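Single-letter residue listing:
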Amino acid sequence: LARAADIHLLWVQAMKDHPVHRLMQAGFLNKCKELGYTCEVVGDPSATNWDIPATLPLAEAALARTKYDAIGVYGPDPAIYSYISKLAKEGFPIVTWHVLPPEGTVNGLKAATGENIAEAGTNAAIAIGDKLGGKGTVALTQGASNDTENAMSDAFRKTIAAKYPGIKVLETQMEGFEPSAAEAKAVAILQGNPDVTAAFGTTGNSIQTWSGAARKAGRDVVVVGMDYIRQNLDLVKSGAAYGIVAQPLYEESAKVAELLGDLAQGKTVPYSNPLPAKVITAADLAPYYKMLDSAGQ
Amino acid sequence: MNSAAEVSAPPRDARSFRRRLIGLIAVGEVGVLAAMALLIAFFWLLEPAFLSERNIRAILNVVSFVGIIAIGQTILLVAGEFDLSVGSVAGLSAVVAAKLMTAAALPVSVGILGGIGVGALIGLLNGLIVVRLGIPAFIQTLGMLFIGQGLIQVVTGGYPVYPLPEAINTIGGTDLAFGLGWSFAFFIVAAIAADFVLRRTVLGRNMYATGGNKEVAHLVGINTSAYKINAFITVGALSAIAGMFVMADLGSGGTSIGSGWELTVIAGVVVGGVSLFGGAGTVAGGVVGILMLKVVQSGLVVIGVNSNWQQIAVGVIMVMAVGLDIVRRRYFIAGA
Amino acid sequence: MNSAAEVSAPPRDARSFRRRLIGLIAVGEVGVLAAMALLIAFFWLLEPAFLSERNIRAILNVVSFVGIIAIGQTILLVAGEFDLSVGSVAGLSAVVAAKLMTAAALPVSVGILGGIGVGALIGLLNGLIVVRLGIPAFIQTLGMLFIGQGLIQVVTGGYPVYPLPEAINTIGGTDLAFGLGWSFAFFIVAAIAADFVLRRTVLGRNMYATGGNKEVAHLVGINTSAYKINAFITVGALSAIAGMFVMADLGSGGTSIGSGWELTVIAGVVVGGVSLFGGAGTVAGGVVGILMLKVVQSGLVVIGVNSNWQQIAVGVIMVMAVGLDIVRRRYFIAGA
Amino acid sequence: MPNTTQAPLFSATAIAKNFGGVQALRGVDFDVVAGEIHALLGQNGAGKSTLVKILNGVHPAGSYTGTIQLDGRPFSFASPADARSNGVGYVPQEIEVLEQLSVAENVFAGRTGLGAGMLVHQRKLEQRAGAIFADLGIDINPRAYVASLTSAQRHLVMIARAIVTKPRVLMLDEPTASLSGTEVDALFAVLRRLKAQGVAMIYITHRLPEVLAICDRATVLRDGQVAVRIARENFNAETFIFSMSGQRLQRLFPEHAAPVGAPTVLEVRHLTVAGHSGAVHGARDINLCVAAGEIVGLAGLLGSGRSEILHGIYGRVAAEGEVRVTGQTVSIKSPRDARAAGIALLTEDRKRDGLLFNLPVGANITIGNLAPLSRHGMVRGGLERSSILTAMRALNVKASSPQAAVTHQSGGNQQKLLFARALMRAPKVLLLDEPTKGVDAATRHEIYRLLVELAEKGVGLLIVASELEELIGLCDRCLVVADGRIVDEFGRSEGGEDRVLRSVTAAQAERHAAAAQVSA
Ligand SMILES: Nc1ncnc2c1ncn2[C@@H]1O[C@H](COP(=O)(O)OP(=O)(O)OP(=O)(O)O)[C@@H](O)[C@H]1O
Ligand SMILES: Nc1ncnc2c1ncn2[C@@H]1O[C@H](COP(=O)(O)OP(=O)(O)OP(=O)(O)O)[C@@H](O)[C@H]1O
Ligand SMILES: [Mg+2]
Ligand SMILES: [Mg+2]
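Chains as they are written, first to last, in my numbering: chain A, 1 to 297; chain B, 1 to 336; chain C, 1 to 336; chain D, 1 to 520.
Any given hint could be a false lead.
[To be verified] Here are the simulated DSS-like cross-link-like pairs (lysine-lysine), alpha carbons at most 27 Å apart as the crow flies:
1. C/K99 / A/K290
2. A/K158 / B/K99
3. D/K457 / D/K351
4. A/K163 / A/K135
5. B/K99 / A/K67
6. A/K278 / A/K237
7. D/K457 / D/K428
8. A/K237 / C/K99
9. D/K398 / D/K333
10. A/K237 / A/K267
11. A/K158 / A/K290
12. A/K163 / A/K278
[Stated by the list, open to error] Over the 12 Å line for every Cβ pair with chain C, so calculated as not near, a few chain A residues:
13. R3
14. A4
15. E34
16. A88
17. T105
18. G136
19. A155
20. A162
21. G166
22. M174
23. S180
24. T209
25. R230
26. G239
27. A282
28. K290
I should point out that these hints are in silico values taken from the structure, not numbers from a laboratory. All values derive from a computational prediction rather than experimental measurement. Note that CB positions come from ideal geometry on N, CA and C, so glycine has one too.
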């Protein structure tokens, strides 16, 4: 292809308006701008509802209009795999992100990028386990039950069980996506379990949920959650939360743009493109503030 | 001379054409059909790709899922009740069917029957509780929405049921004609059958009577409880079928199948002229209403409206479509 | 001698106590209060921490948010309409207020007024369209739900508005008494005021008449349109206030504030005996209904019910609470 | 006697109203002077209700042509509120009450608070409502919920509601259609007092004796036009009927004699009927029988339980006891069973439990009767339509077509629709609750003829009617119901209206005596 601007990339993502998804979209679109590609985002416009059947016709609508050169399909649900395969069969190079399905498990998928989710869960477990000194009780919440969050919780549980036999992990609870209801639930968990000394949440809002709940319940809780948005960084900085699993949301999304661009130009790319997902605490915040500043957020 | 007899033979005068035109406009589904035609023309003018085969196919495909439920919801609304648990029932039936086929290793057909059974059973339960105990349908079916969501998690443990037996993927992938598969075929057949039943049969008429005024229907000897309960069962079974078609289409028994459909479906059929208060509306109208909503959503993407504005536009168009229908009724039917 | 007249002068005999008891049971809010008392006792027996100061405080705190909306929704339901856009209005008003205070750098008070203004304006719009154009409230307010969600994205670009001015965090963090803050104080004052207005004033009685039968109310000279429109404005403004209190509490203008509240609020007030069909129910009942739902949600977590079963239990209890109320009415009021 | 030559208090000139094609009124002039009761007469669909709805703002200014004057000044009412605040009171034809509110609140609905500003004083409301009912000579508990009242009681609540606004002009649209003699007398006493206070009244009725009793002037509408205006001196029932319909009636009640020795079609033994919503109404230990070809009437005061007896027989409310149809004991648990046994019921409140407003006129007639009009469950359109047209013609239903909306039909036409529905199945036993409620004199005559015809075909008829004259004129036998029991029975020419009153009073006295004994 002659010019970068002639490269058309499509990004397909259900629950398009979820704040974390919006952050991913920004990473993708900004990278596109940087590389000069023409990019578009489609998805079911909801901040709370994961509805793949509603998303597919919107992707099809975009495909009906524009001849795309490569397509990114958000992959944390096997329900999307058949669509990936269908597009691949039509000849589109497809990349997915945020999950890394083993090569060959999804027909036609050209590349995947994202943190190693299990590793993120493991890292969180180690951060909490060390901080608690190997003793105590940890509450665990997910936003909802989905592959990504399930995998992370499982890895967290497994690591704690293996490395910190003195730590008990409570049954997983679903906090949902509406902040005030999530916080009320977290308070109830703290009330029902006076021995809880740490909490890990696998969803973007959980740092706010748990630090708010700890304050309301008047308890000291070691809070670890996801995503380096500014409010979360502030909460860690102020001591209200202990650590953030620095999911490379922005980076992985930028990587999608790069991979798709390369594929569109006929280059070959590696299938698996894992990114690190370490846990950051009060000492490691500076570079992240800088990143947000430069992204204008 | 009796005035009723006069009209039975309409005057064949010059105004006859005008009358026939007004008669056409007075048909219930015309309002939403006109709105849809306008929108299609608009999208197509701005972006001819809107009417590309690919896009039409995608719209028809997704309409077939919610459309199947809309058929049931229309029948239930006509009978004077409504069901908020449809999405949750769709999801639950799908994962139950999937589990039967995989974890329980039963034949695919048994799994499908099991799924339909779950849907019908929940419909029966909803119906019995609403009709016999007098719990408002809103509360009972909202409760059932929660219960269904919980059961989906219980059944699946939170993990999508994947992979599914090859037969299911085949059902989902079959191309009968024009790239449309079994779900669309089922949808069309069911819609035509249901429309016919409501319009032309004693059953249908009694359903309208039940929804129009339960007491009156009871007094003329209609077993209103049976009609309502059966309508609940129908919507439950159809939701189950829709859920399983989605599962077949996606090749995975996802835990979020059907989530959020409750309001979409009701919105669609109401846009299509089905009354929320019972006793009025047709399946054709309800189905066209749903189709219109999906056309709008797709069209906005095709013409490249900024994604933030898409939802706003959907909201506005939904209200306007109903408004158009009200205007039509006020000026053409009253004036006829 | 008419049998109805007998009831007006109850015989002062031995059955007087029984009658007074039945009179008490006949009070609208008793059903849900009894259900709630039972549940509280149950949770407390299983886990005394349920009645710990902190947990009570947390429940009251979260109830105050949806409770504020429930007040408005009750009034609107009494007036015979309902509003599905409350959650979306709460979220939109919060982010608008937040943007006014931050991006537009206006004083906090102006931001708050702006937020309330947005809520009231949307309420006015809903009211005008429903009342003057005759669009069903279901469609208009569902459309507005979508529009509001879209506007939240437009206003914020999808990112939470953060940080907020210190004054907002102070409002959110103030401890007036027993660890409860401004939102709770506002909630209680508004609930008492609204309950009084509905019960004891001409305004309130006219509201019941409007919702009970619009035609009759119109016939006896009540300006039903004005009553309905004002009820819509009230619920819009109260939703806005609730949204802003949540924002103050969280210290962030999040884009998902209020999402999903539409059904929760209606479910709560209906559990509290407010009729979906207009003209019946009290603010006290509506508020207690919401409180009961929150008690259940919290209690299930505190006693450690598996999260999958929590939703199921909420659904079941919701239906049962309404069922209990129906039984109470059937046997005690009818038999009195 | 008011001076009808004085300047009218309230007048309408050249009123014309068009309902999308139906010209309901074509240039009507009408006026009423202070202290006058002006009867507005006409056949069903003549436009009476439409006229008073215009005069009351229900059809707002702009939806009709013509002018209205109050006190000689032009007025136009945008809404009933407007009319009300200008001293115009209105009692609508159909029952329009707030079922979820108490009687007192219904009576004072839409009025500002009694006493301090906007606050409502329940006590005061109840006292004042009680006083008004005492005035009207009726016994309704102001604290009762309207949902528990009978339709006649609801009607009285509407009348009280209009009177408390102290109107200068009061319009009553068939206020007595569901009232019986005593209540009518009490109402008339009140109207006479209002008249003495100078209130101008417009009085719509199909009961011509009432016009003779209290009206000062009569205007007859025919097809939306004033046919004639009649001064009191020239009042005469025959003139009224002739000017309304252009026909002369020979005899109001057709000749009929119950066949002697005919088999019993309906026999009821020891029937005890639970009241609606628990214990408030009901009927106890009812024994009656109706022979083929016999017309039996149930007489009684309002709320006496006559309707309840019909409902018990028909399976609408729970009842214990035995019901036999043509000698066979039938178990009737629901209206469905009753219909299967050959019983049909015409209900009293057509708006609430008669009509299906979501279906057109034709479907309202055939609903519940579709079995013979269908094949394999499918409705045969042509057959349905022709049988609808036949039924409409037989009863002279004045709808524009079977597709016309029911809402748009006049009250009397709506009643005929229900009649057509009940007759379509050729029942063996016909239970009729106020069959001529709101039906004009000519049609009423037709209905009487129809009933007699049915009787002659061997149908057994059991009729509840509040107009005693009608009951006595029509029935072969009357049963008097008081307080849920049958207290007297008499045959044709064995008694008249006074006999009913006597037995009712006797029954009440007996009960009071018994009650006194218990409390002593
Ligand atoms: N809302 C309406 N829409 C259409 N037509 C109407 C409407 N209201 C009344 N009509 C028609 O106007 C005519 C006059 O009706 P109206 O109710 O005034 O009669 P009426 O004299 O009161 O009769 P009745 O004695 O039966 O009550 C009838 O033909 C009726 O069908
Ligand atoms: N709770 C109720 N719900 C529905 N309908 C009721 C209720 N209470 C009374 N009714 C109505 O009231 C009527 C009962 O009247 P009842 O048989 O006691 O008196 P009646 O002699 O027919 O007097 P009326 O002339 O007042 O109708 C029935 O027609 C019924 O429809
Ligand atoms: Mg009339
Ligand atoms: Mg009666």
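Okay, the hints, checked on the actual structure:
1. C/K99 / A/K290: It holds: about 23 Å lies between the C-alpha atoms, which stays within 27 Å.
2. A/K158 / B/K99: Holds - the C-alpha atoms of B/K99 and A/K158 are around 26 Å apart, at most 27 Å.
3. D/K457 / D/K351: Outside the cut-off at roughly 30 Å; violated.
4. A/K163 / A/K135: The given pair, whose Cα atoms are some 11 Å apart, holds under the 27 Å limit.
5. B/K99 / A/K67: violated (39 Å)
6. A/K278 / A/K237: Holds, because 17 Å separates the two Cα atoms, which is no more than 27 Å.
7. D/K457 / D/K428: With a Cα-Cα distance of about 9 Å, the restraint between D/K457 and D/K428 holds, given a limit of 27 Å.
8. A/K237 / C/K99: holds (24 Å)
9. D/K398 / D/K333: violated (36 Å)
10. A/K237 / A/K267: violated (43 Å)
11. A/K158 / A/K290: Since the Cα atoms of A/K158 and A/K290 sit roughly 34 Å apart, the hinted pair is violated (cutoff 27 Å).
12. A/K163 / A/K278: Roughly 18 Å between the alpha carbons, so the hint for A/K163 and A/K278 holds.
13. R3: Holds, since 29 Å exceeds 12 Å.
14. A4: Non-interface label stands for A/A4: nearest chain C Cβ at 25 Å, farther than 12 Å.
15. E34: Given that every Cβ of chain C is farther than 12 Å from that of A/E34, nearest at about 19 Å, it holds.
16. A88: holds (29 Å)
17. T105: holds (27 Å)
18. G136: holds (18 Å)
19. A155: A/A155 clear of chain C: closest Cβ-Cβ about 19 Å, beyond 12 Å.
20. A162: holds (24 Å)
21. G166: holds (21 Å)
22. M174: Its Cβ does come within 12 Å of chain C, the nearest being 5 Å, so this is violated.
23. S180: A/S180 is in fact no farther than 12 Å from some Cβ atom of chain C, at 5 Å.
24. T209: violated (9 Å)
25. R230: It is violated; A/R230 is separated from chain C by about 6 Å at its closest Cβ, not greater than 12 Å.
26. G239: holds (15 Å)
27. A282: Non-interface label on A/A282 holds, nearest chain C Cβ at 18 Å vs cutoff 12 Å.
28. K290: Holds, since 17 Å exceeds 12 Å.
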